[in-house]
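Number of protein chains: 2
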Amino acid sequence: MAKAITIFGSTGNLMYKKIIPAIDSLYNQNLIEEDTKIYCIARRDCTLQDYIEDAKNYVKEDVDWERLEEKFTYILFDINDGDHYKKLKSRMEKDAIDDVFFYLAVPPRLFPIISKKISQSKLITKEDENKRIVFEKPFGEDLESAKSINKNLWQYFKEEQIYRIDHYLGKEMIQNILVIRFANKLFASGWNNQSIESISVVAKEKEGVMTRGGYYDTIGALKDMFQSHLLQMMALITMDHPTNFTSSAIKDAKVKMFKQLKIKEDDLFLGQYEGYLNEEKVDSNSTTETFVYLKGYIDNERLKGVPIHFLTGKKLDEKRSEIVVHFKDDKTLLDNFENVKPKNNKLIIRVAPEEGVHFQFNIKESGLENIIKQASLEYCHTCNALTNSPEAYEKLLLDLLNQTKTLFTRWDEIESTWEIVETIKHKHIKPYVYSSYEELISKLKNQCEVDCYDL
Amino acid sequence: MAKAITIFGSTGNLMYKKIIPAIDSLYNQNLIEEDTKIYCIARRDCTLQDYIEDAKNYVKEDVDWERLEEKFTYILFDINDGDHYKKLKSRMEKDAIDDVFFYLAVPPRLFPIISKKISQSKLITKEDENKRIVFEKPFGEDLESAKSINKNLWQYFKEEQIYRIDHYLGKEMIQNILVIRFANKLFASGWNNQSIESISVVAKEKEGVMTRGGYYDTIGALKDMFQSHLLQMMALITMDHPTNFTSSAIKDAKVKMFKQLKIKEDDLFLGQYEGYLNEEKVDSNSTTETFVYLKGYIDNERLKGVPIHFLTGKKLDEKRSEIVVHFKDDKTLLDNFENVKPKNNKLIIRVAPEEGVHFQFNIKESGLENIIKQASLEYCHTCNALTNSPEAYEKLLLDLLNQTKTLFTRWDEIESTWEIVETIKHKHIKPYVYSSYEELISKLKNQCEVDCYDL
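Chains as they are written, first to last, in the working numbering: chain A, 2 to 456; chain B, 2 to 456.
Do not rely on the hints blindly, as some may be mistaken.
Which copy? The list can't say, so a pair holds if one copy fits it or any two copies do.
To be verified - Restricting the straight-line Cα-Cα distance to at most 20 Å, the calculated cross-link-like pairs of lysine to aspartate or glutamate (EDC-like) are: (1) K406 / D336; (2) K406 / E370; (3) K118 / E198; (4) K152 / E302.
The set of hints was computed from the structure by calculation and includes no laboratory data.
In this text the structure is predicted, and so the values were computed from the model without any measurement.
Generate the whole structure from the sequences, applying the supplied hints.
This is the structure in structure tokens:
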């Protein structure tokens with residue numbers, strides 16, 4: 002009996018950019034069993050050889066195509082045709098597959114039909130412990146649709162069989178947040194409103210919508226980035242010490258933060274980059290935001306009063322995802338010093354593109370005068386790891402193979418993050434059109450409080 | 002009217018190694034007024050030119066001798082002869098000096114006679130606000146002698162006129178400890194027994210007693226280093242937040258720590274380096290310790306149970322003074338990880354010879370496996386300051402000129418540190434003779450608890 006990976010949407014971007022390189026890398030590390038089959042499912046009528054030849058145009062990494070050709074099976078598939086699922090089932094039985102996950106690398110609107118037919122064809126029954134189904138975000142487009150999708154899923158599958166991928170959770174520094182916070186008591190004990198002045202959760206992109214215009218225009222930055230990545234980062238950086246470090250205890254602690262997050266609506270700021278309306282498949286009257294800034298607070302004793310700044314958008318000055326924790330200075334001490342710049346004291350967890358930790362704290366400048374300056378301590382994760390830093394997808398695929406759920410989102414995480422988005426009444430706001438990041442930030446600072454974004 | 006600096010012991014090591022280079026450097030920075038006179042007092046019968054020529058053999062720094070010759074006045078002096086003090090007084094009046102400090106760079110046994118005669122000759126009266134007297138440590142050789150010296154001093158001078166130098170307090174990183182601790186709330190709030198596992202206060206020397214054998218043999222490491230430098234470092238690293246950052250509030254907070262320090266006598270360990278008995282002017286049967294390790298605790302709620310390891314000695318593996326704060330790990334988190342080495346998490350404040358801060362904390366190793374490793378963050382103070390790091394004595398002399406008392410020790414600091422030494426019954430212990438640091442530490446670890454010194 003053998004394992005298999007089945008990917009719906011095998012001619013898509015995700016397959017070419019993430020899944021194929023990750024599978025290749027896992028083979029290189031002998032982390033996939035030799036007899037594991039990879040079923041590549043798509044609607045294009047072609048041979049495996051044609052599929053591979055075409056894929057070579059899109060996969061940028063230097064993968065071992067010969068090996069992949071040996072492991073791959075290409076399956077022409079109409080997702081609406083129940084017979085195709087049955088044929089797939091026979092094929093798997095013939096291949097003696099008893100452990101498989103079905104990866105739905107397809108637009109979310111196709112989740113219901115594929116789920117239904119996978120269930121009807123008995124590719125997965127609720128009794129199959131070693132069969133599971135994997136979804137990419139977004140899990141719905143709002144609370145209602147997410148609930149409806151989920152209700153649908155639960156009809157066919159047990160929650161344990163459902164794996165919801167947020168690839169951000171697979172990133173090294175995201176996995177690292179809890180270790181940094183809790184394996185170091187110094188950080189752990191200072192993680193409160195006595196020490197922390199503010200937190201910024203940032204995901205900036207330099208590119209525009211590229212080829213994703215059609216999908217993106219129906220979604221916008223708030224749902225595309227804030228609901229998932231930014232809120233996940235927020236939860237990890239703010240959560241209480243979990244009762245233990247099992248997947249479910251961590252998820253419990255995160256969900257608690259989602260429920261305690263209060264958004265300050267007055268400080269909501271939306272932007273749309275100049276030229277967005279001319280992008281392919283974008284409505285020429287679209288008011289979809291490509292930039293969002295908002296401010297929240299965690300409504301508990303420990304973090305009461307600590308502003309959390311969220312900022313994400315496209316066509317900004319650089320690609321950068323990071324969390325910045327600003328610590329307080331001691332005013333009574335600083336009064337004795339000259340030239341004190343406030344907020345020198347911060348911990349930055351860099352998530353992308355480079356990974357690392359930057360810790361900056363106040364010291365007395367060397368010399369006869371009393372001047373405070375900042376000591377900058379840099380730890381570059383990617384540098385030290387050399388080529389060893391695995392792409393998030395490797396980790397996620399490996400966990401999928403091993404049925405480890407830590408890095409996948411549970412339904413109540415989805416539900417509570419959509420509930421947050423639900424509370425943000427952004428539909429009536431016309432986004433500000435920005436031509437550059439500098440201009441955007443200057444406009445933003447004029448509108449909201451001065452400290453709204455201080456990186 | 003003008004200022005003056007008067008140094009008793011101008012042909013001594015301290016004058017050549019520290020005071021002359023510091024004075025020269027202050028002139029370079031225009032921090033000494035042009036008409037300030039420097040009276041160099043010693044018992045050698047020679048001219049200023051002879052004195053300078055001789056000094057050139059001892060001063061290693063490249064100083065401006067021409068300028069110094071212009072500022073210096075050499076005074077042949079018998080400290081027992083009252084007339085010499087009177088002549089000095091006349092000389093100063095002639096030079097129109099109204100602001101002066103008398104720096105006693107002489108062995109402590111001479112403090113009483115010089116103090117008495119300075120007072121009798123009215124070089125300083127208790128009414129002179131701009132006249133002050135400066136002592137080098139040690140301030141006595143035990144509690145009793147310190148008290149007696151001090152009683153003596155108070156007879157002649159007001160406490161405000163008395164400056165007790167501990168040159169360690171002038172070192173950059175010592176001045177920096179309070180800034181690092183209190184200007185960074187993250188550190189401030191984690192400074193307790195919830196976060197801190199242990200503290201090590203270390204001053205290792207590579208050299209032996211050199212030419213100081215005669216003096217050292219009557220004193221030993223406990224009084225020479227522990228009573229002053231080590232306890233001062235301990236107080237700064239453990240003290241509560243002072244009510245404010247004035248000199249006197251900081252001293253209050255330090256004295257509180259001296260009083261709360263409890264020494265664990267069982268863990269006292271004394272050593273004497275091989276060959277010490279053959280050193281010049283050392284008693285050939287001496288049981289004076291050249292190495293001391295001991296363990297203490299601060300008896301207050303905040304630091305209850307945190308062991309403080311003191312270690313100092315001569316002829317060790319390297320010259321190094323530093324404070325190491327070990328933070329706790331989170332066992333419940335670490336249980337999920339492989340290959341966890343405990344105590345990865347520490348802050349090292351490097352005092353000498355290099356100055357800097359080293360911060361080491363736990364992160365997850367990059368990769369698909371769960372391994373904790375340490376991220377090392379280095380801040381080299383001396384590196385960033387380039388040539389700008391002032392010798393401790395520059396800072397001390399400048400503060401003496403400006404009557405700033407922060408870096409000088411107050412009587413109750415002296416008293417309470419001698420009280421600590423008094424409680425340590427070390428006289429009956431024969432020191433262990435060590436030939437190398439490795440051997441010494443191995444012996445030490447056998448004797449005391451395993452964690453007695455874990456750098």
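Hint check results:
no. : hint        : result
1   : K406 / D336 : between (50 Å within a copy, 18 Å between copies)
2   : K406 / E370 : between (55 Å within a copy, 15 Å between copies)
3   : K118 / E198 : neither (51 Å within a copy, 58 Å between copies)
4   : K152 / E302 : neither (35 Å within a copy, 54 Å between copies)
Of the numbered hints stated above, those contradicted by the structure are hints 3 and 4, listed in ascending order.
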